[in-house]
Every structure is written in C-alpha cells, then in structure tokens.
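> Single-letter residue listing:
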Amino acid sequence: MLTLSSVSKNFGGLQVLQDVSLTIPGRGIFGLIGPNGAGKTTVFNLVTGLLAPTAGVIEFFGQRLSGMLPHRVTRCGIARTFQNIRIFKEMTLIENVSVALGSRPQYGALSVLVPSRRFREAERRETELARDLLARVGLADKAERPAGMLSYGEQRRLEIARALATEPKLLLLDEPAAGMNSVEKQQVMDEIIKLGESGLSILIIEHDMRFIMGLCGEITVLNFGRVIAHGTPAEIRASPEVIEAYLGREG
Amino acid sequence: MDWLESFWLTYSTLVLSVGTNILLALSVYLTLACGLLTVANAAFMGIGAYTAGLLTVHAGMPFLFSLFFGSLLPALVALLIGRPTLRLSGVYLAMATLAFGEVVRILILNAEGITGGALGLNGIPQLTRWFDVALAVGLTLYVLLRLARSRIGRTMRAICQDETATELMGLNVRAYKLFVFVLGGALAGLAGALNAHFTYFISPNEYGFERAVEILAMGVLGGTGSPWGAVIGGVLITLLPELLRGLGHYRPLINGVVLIVIILYSPRGIWDLLHPARGSAGAPATH
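Residue numbers (the numbering used here), protein chains in the order written: chain A, 1 to 251; chain B, 1001 to 1287.
Next up, chain B with everything else stripped away, as it sits in the complex (with noise of 0.2 Å):
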C-alpha cells in the first residue's frame, strides 16, 4: 500500500478541499433553490473557521465541540442579519449580502487581539480526518436529498419560480427563506471549521470576494435542481485546476474558458444537462 501512502501524502489536502467545498456548494445551492442570490456563504465559512480554530487553539476545546459552535455562531449571525435582508430580493440581496461578506472579513482583519488580523491564526491542529468530511458530507446530502424530495423541497422550487403565488398558497415564503439561509450559514459554517483543522493556517483574505463567487460559481455550475448538482459543481471546481495543473501559465485562462464553455451549453447547470427531462419544461426536449 505504498502508492496509497504517498497518493495520500501528496493529495490529502486536496481530497478534504473536495469534501469541504462540496459542503460549501451546498450550503449555496439551498438558497440559489430559492431563487436567492446570496454571496454571504464566504463569511459564514470564515465565522465559523474562526470560530473553531480560537476553540481549538486557545480554549482547548474538543474536535467535536469546535466543529458545533463553528457550525452554530454561523447559522445565528444568519439568523440576525436573514431577518432585514432577507426582504430584498435579485441584485440588492446580492449586494447587501455581499456588503456583510466585506463587513465580517474587515471585523477579523481589525479585532487582531483575538483573531491574529492581517498574520491570521496558526498553529491550528490538523485534527481534520478524510471520514470527519466524509460523514458531513454524507449526512448532509443525505438530509438535502431527503429535504429536495419532500413538502419542503416543492415549496423551495416553488418559491424561485414564483414568490407570491407562493405566498398566497398560504406558505409562509419568508420563514422559509430564513430556513434555507440559516442551514446553509450553518453548513457554510461547518465547511469552514472543517477547513481551518487540516489547512494549519487560516487568514481573514481567504474568506473574501474572491471566495464568495468560487462558492457561487459552483452552486450555479453544478445546477440547482438537485443537491448532486452542487456536488458535482464543487467537485468541479475543485479539481479542474489540478487537472489543468501540466498547462503552466496558461491554466487560469484555461480554467476560465472550460467554465464559460459548460455555463453557455447549459446556463442551468451541469444537472440539468443530464436530466433535461426535469426542470426544462417550458422548451421542448431536444434529441
């Protein structure tokens, strides 16, 4: 079992970056399901690594422990700021969304006393094992799988078709929107913690724009119809810079043309490309 070693000595932190970024694009499908446009899914993921790493390191907490507060300060910051956002809709919940992003980066770069600013925290023990990710990946799209197929799974779709129509079925449409963005807070969240403990270091920069659209970019290119579809989406966008890893210079420019080519052969996600039966409904099937 050499090459497995070796594989694992050169590769594990790409593997736990799969998993981990598979949590993340879920955490965004569950509000792009909604029809919500929301970049605030960095931030949470930075709250919650924060929070997890400051347990782990300076209170001597418990894996377990840090990964639950790490999961749970998330979801109740989303709790907090869901409430006003959550009643603008399109473009101005991006920008408001994202607004928080910056807010949440630039309070961790500032409150250095306890978070290290600019030098980030280190030092955080890799207690991140391949099966932690497993399971909360597993038991994750389990719970989706379950959520998509049920009441509340319909009403979600419903509601990114048509809100008010919604609203006027007698649902509670912004409880609901609250709902999808707490949870997705809280796996965000979790991501991030689960992040923090095999990375060694984390630093405010990681958890900023740039982060905001890798995890939008999955939602949307894996596709919402389904919770494979952030799967594949963060599996994707994962990989696709390793495998692009041989073409030097050139790779970004590569990268960036591969997604364009897939968002243009189908702008509704790698998952619709392979179910067209569902979701596409208004145009006729083409073969």
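Okay, chain A solo, but in the shape it has when bound (with noise of 0.2 Å):
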C-alpha cells in the first residue's frame, strides 16, 4: 500500500535520507529502527506531507504523495503520532478527539448558525464517536478532563484514539513506547496488537528491541540516511550490519 522508491531528502548540505526504498505491502505491523540521528523521523515527515522529498516518489495505494498537503495525505488514510507528544492540552480528551473528526463534518456551516436538531444531533454522536474512541484505548472514565493532566503513558494513548479518528488505512507511530515502565510499554505493546488485528496497518518506529521485536513481522533498519537491512526480527537480529551500527565493530 505503501511505497518509497528511492527517497533522498536534503537539508542544505546535509543528506538526512540518500536512496531510501521501503514498502509496506498490506496488513501487519511494520517497525523501522535505527540509531538515534538514521533519518527516521524524517521518513515520516515525507510520508505525511510535513517535508517534500529532495529526490525520490511516495506513493500510497497508486497515489502519489509527495507534494501533497499534510492534510490531503491524513484524509489518503495515513494518521500518525508524534515522538514528542503533541496533543492539545488545553482542551479535554473529548474535544482532542472531536477535532480529528472534524476532517469529515457531521454538519454543513449554515447549519452552524442556526439552531438546529440536526445541529444538535450531529455535535452529540461526534461526542460519541469520540468516547468509543477513547474507549478503545483505556480513557473513557477521563473523558471530560483536560488532557494537559493526563500522565505521559495516557498522553500517548490519547494521540492514538486522536489518530484512529481520522479513519486511517495505515498508522504511524513515532516511539509509542519512550519515556514508559515496563508495565506501560507491555500495554502498549497489547494495544498495538489489537489495532493490527482489527485491520489497520502499522508502521512503528521505536528504539527498544525487545518492543519492536516482539511486535514486527517485517523491520527495515536505517543508518546514516540508508537502508542498511530488511527483514524478519530474527534476519534482523542475525544481520552483521546491523549488530555493527549499533554495537560497532569487533576488533
């Protein structure tokens, strides 16, 4: 569903991404890791029409992403959460959630100014929508509170439902796991499973191994800017370039 032929991206001199190729060919969760600086943030930032690419197509079932605004791509049905979280604190779960569904209003915007029960009626099921999305990530008990107060595992999983409703085909999760105790990361991992077992794709970029391993049918590792293997966990595990981007080399 989704392809990257050859992608390079520039920033001045400096080449983040040189010749990156990856694909997703349909369901599963996906990972791509790498050292801390490999690009791979970047890559999502092409993906979702944050950053054009220098050189190189993106393509998401046919279409052609690159150049398209971050918008029109989320509307594609690619939905993504951030590294560092990027919910809209002042405002609680209900609304952050209610905003992403906004993309495909209930309502027309006459039928914003005048008092109407199909007003009413569209405001309360975007109302319901949204706490049957927080449901699906544990935070329907704290849906009317502001979401500056959550703690930072359920600041994550709120960036989840807030992306699940935009009704995405492919999700993309920037560290889903940083910053968590075991036990949070071990949620997180059973939620991820879940989303992936109701049909979604799921691309993962995330530095813990045992998370990503644990979770990945298939893992591309980036470093400096390239693709440097692909592959099952266990091929990953195996491949010396691998083991010497991370480790170096012996001797």
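Check before you lean on any hint, since a few could be wrong.
As the list claims (entries may be wrong) - Label pairs and their computed distance ranges (CB to CB):
# : chain 1 : residue 1 : chain 2 : residue 2 : range
1 : B       : L1145     : A       : M1        : 37 to 45 Å
2 : A       : G179      : B       : T1164     : 17 to 25 Å
3 : B       : A1059     : A       : G13       : 56 to 64 Å
4 : B       : S1089     : A       : V57       : 25 to 33 Å
5 : A       : G13       : B       : I1263     : 42 to 50 Å
6 : B       : T1010     : A       : D141      : 54 to 62 Å
To be verified - List of simulated lysine to any residue pairs, SDA-like, C-alpha gap at most 25 Å:
#  : chain 1 : residue 1 : chain 2 : residue 2
7  : A       : K89       : B       : I1263
8  : A       : K89       : B       : N1172
9  : A       : K169      : A       : S6
10 : A       : K89       : B       : A1148
Bear in mind the hints are in silico, worked out from the structure with no lab data behind them.
Quantities reported herein were computed from a predicted structural model and do not represent experimental measurements.
Yeah, the Cβ is synthetic: ideal placement off N, Cα and C, and Gly gets one too.
Grab the two chains, each in its own frame, and use the hints to assemble them into the complex.
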C-alpha cells in the first residue's frame, strides 16, 4: 500500500536520507529502527507531507503523496503520532478526538449559524464517536478532563485515539513506548497488537529492541540515512550490518 | 425624559464608539483565537471607513449599500494579502501585517484626488443610528458565539495550540486561517464604515499604528477564550479613559497602569479570570 522509491532528503548540504526504498505491502505491523539521527522521523515527516522529498517518489495505493499538503495526506488514510507528544493540552479528551473527527464534518456550515436539531444531533453523534475511540485506548473514564492533566503514558494513548479518529488505513507510530516503564510498555504492545488485528497497517519507530522484535513481522533498519537491512526480526538480529551499526565493529 | 436627551447629546459618540470598538475587538479575536498575531485590523477599518464614506458622499449611495461595500472591500483585500502573509507566523506575521497597515495609510494619504489626503474626508452625513450599531454588534456576537461552540471554534482552538498536529488531523489549516482573517477584515471594515457615519470626518492617521495597537489591546485584554472576552475588552478600552477623565494630566498614565495590572494578574485576559475552569487546564485551579 505504501511505497517509497529511492527517496532522498537534503537539509542544505546535509543528506538526511539517501536513496531509501521501503514498502509496506498490506496489513500487518512493521518496524523502522536505527540509531539516533538515522533519519527515521524524517521518513514519517516525508510520508505525512510535512516535508517534501529532494528526490524520489512516495506512493500510497498508487497515489503520489510527494507534494501533497499534510491534511490531504491524512484524508488519504495515513495518520500518525509524534515522538514529542503533540496533544491539545488545554482541551478535554473528548475535544481532542473531536477535532480529528472534523475532517469529515457531520454538518454543513449553515447549520452552524442556526440552532437546529440536526446540528445538535450531529454534535451528539460526534461526542459519542469520540467517547468510543477513547474507550478503545482505555481512557473513557477521563473523557471530560483536560488533556494536559494526563500522565505521559495516557497522553500517548490519547494521541493514538486521535489518530484513529481520522479513520486511517495506515498508522505511523513514532516511539509509542518512549519514556514508559515495562508495565506500560506491555500495555501499549497489547494495544498495538489489537489495532493490527482490527485490520490496520502499522509502521512503528522504536528504540526498544525487545518491544519492536516482539511486535513486528518485518523490520527495516536505517543508519546514516540509508537502509542497511530489511527482514524478519530473526534476520535482523543476525545481520552483521545491524550489529555493527548498533554495537560497533569487533576488534 | 430630558435627562436621557441631554445624556445622548453628550455621550452619543461614546456609546456608538463602544459598539464599533466591540466590533473591532471581535475582528481581532477571530485571528487571535487561531494564534495569529495580526495587526492589520486598523487598516481594514480604514479601508471600510473610506469606501463607505466616499460612496455616501460622492456617489450618493444608500447607507446600507455603503455599509455593505465598506465590509466587502476590506474582506477582498484580506483575501488577497492573506494568502501570502498567513504563511508567516509569530512576530513575522505581525511585522508583515503592520507593514501592510502603513501601506494602506500612506496610500490613503497620497491619493488626494479621491480621499482628500491629509485633510481627510469631510462632511460624511451622520447616518449611523444607535440601533444600527446595536444590530451589527448583536448579529456579529451571535454568529461568533455559534461558531465558537461548533466544530469550527474547536478547530480554531486546536490550531492555536498546535498547528501541525491540527493539520495532520486532516484539517485544512490554511483555509481556516484565511477564513478568520477575511471575516476579521470584513468586521473591521464594517466597524470603520459605521464609525465614519457618526464622526462626520475621517483622516488617514486615525487608522495607523496607534489604532492597530489599541485594537490588539482590546482583544488581548478581554481574552480570546470566548467572543465575550472581546466584548469586555472593547468596552473597557473605550470607557476607561472616560472614567479616568477626572485625573487630568495623569489620565494616560493611570490608564496605562490599569492595563498593565490587569495583564499582570490575568495574562490570558479578563475572560480567563472570570472562567478559570476552562482554558487554564495545565495549572491546577487556585482557590
């Protein structure tokens, strides 16, 4: 469904990505790993339209994404979370999710001006939908609270609920378990597996090897902006290039 | 009803100014609520005032038409300059809109043949009645309150907090920004058109930097949490100098001190002070 063909990205003279090709064939959970500064988040920024590639083509279901505005990419069915959490802290959880529901409005602009049953009904449906999505990530009981009061782990889960509200086909998770303890990590893993089973494709960036090896069927490894390995967790674990990138060369 | 008549004779301009200033405050509320620091509203007011004034004086247009074109032209100008300038954010946007304001002022100043230049436009008939202003304020407030409570208002607050995240929720942030900018332009223009028809005389310098800052102060002081915040800001900024009239030479000084104290105690505006439950979510409520 998602293909990056020979994608490169330069920031001035700095080559962040060089000739990266990557395919997400269909359903499943996929991993994107690599040492710090390997260019993982840049891949997400390119796919979601926040950055434009210097060279190469990104396609989603055969449609060219490169050059598309971010909100259009989202409407194509790609949603993401962020490495540094970006929830709307001063809004309630319900409102956070409702914003994301707004890309397919339940009512027209005119019914905003005139009080009508249709408007109230649509608002009520939207709230219900938001509540369902919050329940999916286990935050239903905090729906009316301001998002800024959530714990770190809960904020990450809210981000996932908000991403789901855009009805994605592909979900990009940028370090979903960063800064969590092992219990919370296990919870997030279970949730991601559930999401995968519901028919969503998921691409995860993560540093925690145990986490990523336990989740993903296929893993791509980036180092210094290049793809150095691609395969199953077992293949990645055995790859000399990957071991070298992470641990250095022996002798 | 003698006292009412004498009150009106003395204070009619002030009362009408309260109304038009509320409109101006609402116009800047729209952009501030999206986190956009624009100071072009004084210029839009000027465009509206001159358009309406000239149409009434020279073309003999009916008042309603003058008002209509007085809002339409600034809205069109906002549409034109909004596309390039709204790509900027923060102080850069403020600088660009400030520069635009100066361009408008100097344009009006130098187009002597049409606008009367530095001498201003004289003899605009006093057509604005109190209920015209009341109706304009009432309608605007109604629409903006409805907007604020709908998904549009929710999206505006989201853009204010995190533009990129909002964009990645599939929302056309650029379109929203342009929408509030254009609507704000139309409102400021309407305020200018109404204002021109009760002050008898308008001149380019009324729509310069000082006015721009005053409008911004109304929006910030009142608070951007709700359109009601803009109403509070508009009323306060208009009435405060009048209430302090007894202080003579010290009036501007005390006026400034009052504003500073308010902002120190409630940096997010008076509306936030009155409704601490909403908005100030990050910090625990202090009782």
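> Each hint needs a verdict: does it hold in this structure or not?
Do the hints match the structure? See the list:
no.	hint	in the structure
1	B:L1145 to A:M1: 37 to 45 Å	holds, 44 Å
2	A:G179 to B:T1164: 17 to 25 Å	holds, 21 Å
3	B:A1059 to A:G13: 56 to 64 Å	holds, 60 Å
4	B:S1089 to A:V57: 25 to 33 Å	holds, 30 Å
5	A:G13 to B:I1263: 42 to 50 Å	holds, 45 Å
6	B:T1010 to A:D141: 54 to 62 Å	holds, 59 Å
7	A:K89 to B:I1263	holds, 23 Å
8	A:K89 to B:N1172	holds, 21 Å
9	A:K169 to A:S6	holds, 23 Å
10	A:K89 to B:A1148	holds, 18 Å
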